[in-house]
Amino acid sequence: MAVDTSYYLILSAAVFCTGLFGILTRRNALLFLMSVELMLNAANINLVAFSQYYGNLTGQVFALFTMALAAAEVAVGIGIILVLYRNFEDVDVAEAATMRW
Amino acid sequence: MAGELAFDIAPAIVALPFASFLAVLALGNYMPKKGASAGIAATAGSLVLSLFALVTVAGGSTYQQDLFTWSGAEEVPLHFGIFIDPLSAMMLVIVSLIALLVHVFSLGYMNDEGETGLPRYYSELGLFTFSMLAFVMADNLLMAFMFFELVGLCSYLLIGFWFREDGPASAAKKAFLVTRFGDYFFLIGTVGIVATFGTSRFVSTESHTAFPVLAEEALAEGGHGVTTFLGFGPEAWFSIIGLLVLGGVIGKSAQFPLHTWLPDAMEGPTPVSALIHAATMVAAGVYLVARMYGFYALLPTVLAIIALTGGFTALFAATMGVVKREIKQVLAYSTISQYGYMMLALGGGGYVAATFHLMTHAFFKALLFLGAGSVIIAMHHNEDMWDMGGLKNKMPVTYYTFLAGSLALAGIVPFAGFWSKDEVLYEVLVHGLGSAGTTGTILLVAYAMGLVAVLFTGFYTFRMVFLTFHGEPRTETARDPEPVRWNVKLPLVVLGALATVAGVVNMVPVEKVLGIKGIDYLHQFLDPETELVSNLTAHHYEEVLHDVSGYTADATAFGSESTTVLISAGLSLGLALVGVGLAYALYGRSPTPEEHTDKLGGLKTLWYNNYYQDEYQVWLASGLTLPLAKLADRFDQGIIDGAVNGVGRTSLTGGSYVKRIQTGIVTNYAALLALGLVALLLIVGVTGGWFA
Amino acid sequence: MTTRPELRLGGHLAPGIIAVALFVIMAVVFVGAPLGDPVGFDDATAIQNETLQSESPTGDYGSVSANGQTYAVAYNGSEETANVSVANDPGVGVDFREVDTTGDGQSDTVYAISRTSITENIGYLMFAVDSDQRSAPGETFLVAFEIIDMVLVGALVGAVVLARRDEGGEVVAALGLRDSDESPGTSAGQVAADGGTEDGGDN
Amino acid sequence: MALAELVAFALFAIVTVASSVGVVLVEDVWHSALFLGVALLSVAVHYVMQQAEFLAAMQILVYVGGVLILITFAVMLMREDDTTEVVEA
Chain A
1 MAVDTSYYLI LSAAVFCTGL FGILTRRNAL LFLMSVELML NAANINLVAF SQYYGNLTGQ
61 VFALFTMALA AAEVAVGIGI ILVLYRNFED VDVAEAATMR W
Chain B
1001 MAGELAFDIA PAIVALPFAS FLAVLALGNY MPKKGASAGI AATAGSLVLS LFALVTVAGG
1061 STYQQDLFTW SGAEEVPLHF GIFIDPLSAM MLVIVSLIAL LVHVFSLGYM NDEGETGLPR
1121 YYSELGLFTF SMLAFVMADN LLMAFMFFEL VGLCSYLLIG FWFREDGPAS AAKKAFLVTR
1181 FGDYFFLIGT VGIVATFGTS RFVSTESHTA FPVLAEEALA EGGHGVTTFL GFGPEAWFSI
1241 IGLLVLGGVI GKSAQFPLHT WLPDAMEGPT PVSALIHAAT MVAAGVYLVA RMYGFYALLP
1301 TVLAIIALTG GFTALFAATM GVVKREIKQV LAYSTISQYG YMMLALGGGG YVAATFHLMT
1361 HAFFKALLFL GAGSVIIAMH HNEDMWDMGG LKNKMPVTYY TFLAGSLALA GIVPFAGFWS
1421 KDEVLYEVLV HGLGSAGTTG TILLVAYAMG LVAVLFTGFY TFRMVFLTFH GEPRTETARD
1481 PEPVRWNVKL PLVVLGALAT VAGVVNMVPV EKVLGIKGID YLHQFLDPET ELVSNLTAHH
1541 YEEVLHDVSG YTADATAFGS ESTTVLISAG LSLGLALVGV GLAYALYGRS PTPEEHTDKL
1601 GGLKTLWYNN YYQDEYQVWL ASGLTLPLAK LADRFDQGII DGAVNGVGRT SLTGGSYVKR
1661 IQTGIVTNYA ALLALGLVAL LLIVGVTGGW FA
Chain C
2001 MTTRPELRLG GHLAPGIIAV ALFVIMAVVF VGAPLGDPVG FDDATAIQNE TLQSESPTGD
2061 YGSVSANGQT YAVAYNGSEE TANVSVANDP GVGVDFREVD TTGDGQSDTV YAISRTSITE
2121 NIGYLMFAVD SDQRSAPGET FLVAFEIIDM VLVGALVGAV VLARRDEGGE VVAALGLRDS
2181 DESPGTSAGQ VAADGGTEDG GDN
Chain D
3001 MALAELVAFA LFAIVTVASS VGVVLVEDVW HSALFLGVAL LSVAVHYVMQ QAEFLAAMQI
3061 LVYVGGVLIL ITFAVMLMRE DDTTEVVEA
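So the protein sequences, as listed, match chains A, B, C and D.
One point on numbering: in the numbering used here, the residue at position 34 of the first sequence is 34, and numbering is uninterrupted.
Basically the numbering used here = 1-based index in the second sequence + 1000.
Basically the numbering used here = 1-based index in the third sequence + 2000.
Basically the numbering used here = 1-based index in the fourth sequence + 3000.
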């Protein structure tokens, strides 16, 4: 009755790779944050899919935790990006290279 | 032994000058006479205690005490200890007496002249006296070495007392470096002795045996019981050690070729010159040989070298003294020459003679230096003898005491120098005549050099006297010299008396010619009967010299013993008188003497330039050692450091390239991560059959 | 002013090929992966034999699907499913329903129906409530929950600390009070956004 | 029924992937944020289809209601003005 689990896996892989694509191609820190959110969601889709596949609720509980951590991560990440913007007048991740070498 | 009051308080002999050093160093500016009083009090105390010890020793006691063991309590005990026997007791008296007189004289030479830095001066004098007394009292070679070094340091400080001028600073450095060059060998020799014998004691105690005794036993038993190194047999190895230690002696006692520092050391204050050259630093070398004479007596090769060095130095330095213009320079070369005599005596088997000459020389040379100091005060620190003349009437005390010292130096009977110098030459002569083979020949050669030096000694001494005191004054200053006070005259008078009569302690020729028994007091004194020093006595040395080194005294070569004595004494006295007469003929007869040095021709230049010793030593340093050092430096910098730096540079360069990976841009890291993940997935997938 | 979304294309997309490659690999693997039908979370199951017991079971809960309805069952310990027993104690999250499976108007089968939803089960798991009401398998997560709780608090504090800054010695924070006499041009939003431009300081 | 579910899945999968791609490809960060909202909402639909209704509710509450709002704030704070384009290298 339900959709085949491998479809969800492919969907998850697609979303994950889209997020990775964003990280690889964009230099805006905010885009980074959003791409990371996409990747986390891909992981969540995976968790939920396997939760249903095995008829075990652990996957769903884990996905909940992931959400909570993602929320926290976004809060801190945005704080960091704000400071970055304040110090460098920019949110380009390539500019903030003060600690390099 | 223990229980004698004089010995119980013996450490105070050393401690007093040290206390004076500390006190003057800390509080000198607030003390009476800027610290001179403390120094005088301390050295006077030392003198009294030393005399007390001397009297006790003369009564037949000796004393040895370990004070402090600072390392290797079981295997090789390295310790501080004091040892008082006739030799060291006599030396203690000489050192403390001269130190006391020099302190008193300094009142006139330094305080009255308004010098600055007097607390420094007196504290350094205190340290100097302390070091020398401790050196004399040392009961082992290592401790002796330490204080030997300390003496060298003090001489450096004192010679460079007027360090703001170029001359004294440079002279101080030269003295330090040259003596240190000798001490380098001394140090190796000390280590060698400790390594070979397991001890460096001069004196046998109940629990330990002295190293000369061990060496004697080892030679008798064919090398049993000692450790030799580098594959040498015991005799050769002992000779090497002896020569190494002798290096320090040659440096300190200003023997050829390390004598060059001594004339330069005249840049120091004149009382310091008196202290250094009469009683302390320079005497230390000769004293050291006398101290361990039981060891050297076993080594005929080393003895021959000592004798030749001494004889050559005596003649060599005397020739240079002939042409000098400055009064202190003449005295400097005479000092070198006289220490040559002492070495000659030691090498020639005349242990007592060397000690005797050490004592008399301490008196008359201190007297001459202090007299010269008095003249220098009078001449407003002009030392050129050609600017003097006619001082005889202006400063009679100085003149007569100086004359007594000069007669002693020249070896004119009956002044102290005659007796001691005569005994030196006599001992060498009889040993030279008596010993067979090369030993005898070498001793006779050394004796000949010493004998010729007598002529020169008489000449330069009285040239100095005539130029300084006789004739017409040649400058305004000499016409109206500055008067000197009691504190200058008192030491002169004391020393003048001693220089005149000190010979009576050992009138061996008189004894032998007239047959009066028992007036060779010094011989008896240095030949005590006690158990502790049974191997440190003059007759023991004589036996060892005869048995091991083949030294034989032949007093009857010219008939009877008294004939030999008379011939020897007459020869040296005659030559001395010839020298004096020559000096009178050239410089004393006319009230306005002329320089006769030009008649010497090429010799004059050679002597003026001190045989170019300085030049060749400088060439050794700058022409030979410096290029070698530069070569070594280039090797070190280029090859060794180059390899090390190369390794560092390689990793630095490599690192600076590799670090380019670390762009600091997140995207690059993410790309690398993703690429790695892709590769990993591909590998795992292909090997795991995911794509089947 | 509203603008249409414009795509940003160009050479900078080149590194994205890695992501595409990753997707291709993963897709190939997933398509070829031998995954069967999902188990799912069923609501009810039929009682195979009508041995109903009144006492509370002690084993785990499971679920069975039958006729479009899902029923909860309680397995009796480690025994086989043949010995299915369903408790009718109201304290256990199972209800009973008689169902006519043959269509003859007579109830012929008893179904046990889970009274606990997935959400309720999530709650039990998350807070480790060892309850009879649990009807779905899974582990408990109380410790992890607490840890994440702490992490969230830390994150909140961290975010606040990051967002505030000193302005002339005075701490200006998002949650702090602001002086009313400050220049009107410096709104809270601007302070946070372009902070540091006025005095050049970053904190 | 199964077909209907498959169609629904395909539909929302397309929406999810398309809006995700939109997030990373559009020029304007603000548009990215909007696309992200769409993507998160469609993921919530997928949760519902997998019997994770509670998770779906949380997805909407936490992500769309919290994270996305935060991101929106950040985007707005960092826009220099409306006419110039967003800071982007």
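Just so you know, the hints here were simulated from the structure itself, not pulled from any lab data.
Certain hints may be false.
Beta-carbon label-pair distances, calculated as ranges [what the hints assert, rightly or not]:
| hint | chain 1 | residue 1 | chain 2 | residue 2 | range |
| --- | --- | --- | --- | --- | --- |
| 1 | C | Val-2143 | B | Val-1647 | 51 to 57 Å |
| 2 | C | Leu-2142 | B | Leu-1652 | 36 to 42 Å |
| 3 | D | Ala-3010 | B | Val-1658 | 33 to 39 Å |
| 4 | B | Thr-1653 | C | Val-2143 | 35 to 41 Å |
| 5 | C | Pro-2005 | B | Tyr-1669 | 42 to 48 Å |
| 6 | D | Glu-3053 | C | Phe-2127 | 18 to 24 Å |
| 7 | D | Ala-3004 | A | Glu-89 | 49 to 55 Å |
| 8 | B | Thr-1653 | C | Leu-2142 | 55 to 61 Å |
Residues on chain B that point at chain A, a partial pick, calculated with CB under 10 Å [stated by the list, open to error]:
| hint | residue |
| --- | --- |
| 9 | Leu-1606 |
| 10 | Asn-1609 |
| 11 | Gly-1664 |
| 12 | Val-1666 |
| 13 | Thr-1667 |
| 14 | Asn-1668 |
| 15 | Ala-1674 |
| 16 | Gly-1676 |
| 17 | Ala-1679 |
So, partial list: chain D residues that the calculated Cβ filter (under 7 Å) puts toward chain A [unchecked claim]:
| hint | residue |
| --- | --- |
| 18 | Ala-3013 |
| 19 | Val-3023 |
| 20 | Trp-3030 |
| 21 | Ser-3032 |
| 22 | Leu-3041 |
| 23 | Val-3043 |
| 24 | Tyr-3047 |
| 25 | Ala-3056 |
| 26 | Met-3076 |
This structure is a prediction, so every number in the text was calculated from the model and none was measured.
Beta carbons are placed, not taken as given, at the ideal position from N, Cα and C, and that holds for glycine.
Evaluation of the provided hints:
1. C:Val-2143 <-> B:Val-1647: 51 to 57 Å: Once the Cβ atoms are compared, 52 Å apart, the range 51 to 57 Å for Val-1647 of chain B and Val-2143 of chain C holds.
2. C:Leu-2142 <-> B:Leu-1652: 36 to 42 Å: For Leu-1652 of chain B against Leu-2142 of chain C, whose Cβ atoms are near 54 Å apart, the range 36 to 42 Å is violated.
3. D:Ala-3010 <-> B:Val-1658: 33 to 39 Å: For Ala-3010 of chain D and Val-1658 of chain B the Cβ distance comes to about 49 Å; the hint is violated.
4. B:Thr-1653 <-> C:Val-2143: 35 to 41 Å: violated, 52 Å
5. C:Pro-2005 <-> B:Tyr-1669: 42 to 48 Å: Once the Cβ atoms are compared, 29 Å apart, the range 42 to 48 Å for Tyr-1669 of chain B and Pro-2005 of chain C is violated.
6. D:Glu-3053 <-> C:Phe-2127: 18 to 24 Å: With a Cβ separation near 19 Å, Glu-3053 of chain D and Phe-2127 of chain C satisfy 18 to 24 Å, so the hint holds.
7. D:Ala-3004 <-> A:Glu-89: 49 to 55 Å: Hint holds: Cβ distance 53 Å, inside 49 to 55 Å.
8. B:Thr-1653 <-> C:Leu-2142: 55 to 61 Å: Holds, at about 56 Å.
9. Leu-1606: violated, 71 Å
10. Asn-1609: violated, 66 Å
11. Gly-1664: The hint holds - Gly-1664 of chain B has a Cβ within 10 Å of chain A, the shortest such distance being about 3 Å.
12. Val-1666: holds, 5 Å
13. Thr-1667: holds, 6 Å
14. Asn-1668: holds, 9 Å
15. Ala-1674: Where the cut-off is 10 Å and the nearest Cβ of chain A is about 6 Å from Ala-1674 of chain B, the hint holds.
16. Gly-1676: violated, 13 Å
17. Ala-1679: violated, 15 Å
18. Ala-3013: Holds, because the Cβ-Cβ distance from Ala-3013 of chain D to chain A comes to roughly 5 Å (cut-off 7 Å).
19. Val-3023: This interface hint holds because 5 Å falls under the 7 Å limit.
20. Trp-3030: violated, 10 Å
21. Ser-3032: holds, 6 Å
22. Leu-3041: Because about 11 Å separates Leu-3041 of chain D from the closest Cβ in chain A, which is outside the 7 Å limit, the hint is violated.
23. Val-3043: Given a least distance of 5 Å, the restraint on Val-3043 of chain D holds.
24. Tyr-3047: holds, 6 Å
25. Ala-3056: violated, 9 Å
26. Met-3076: violated, 11 Å
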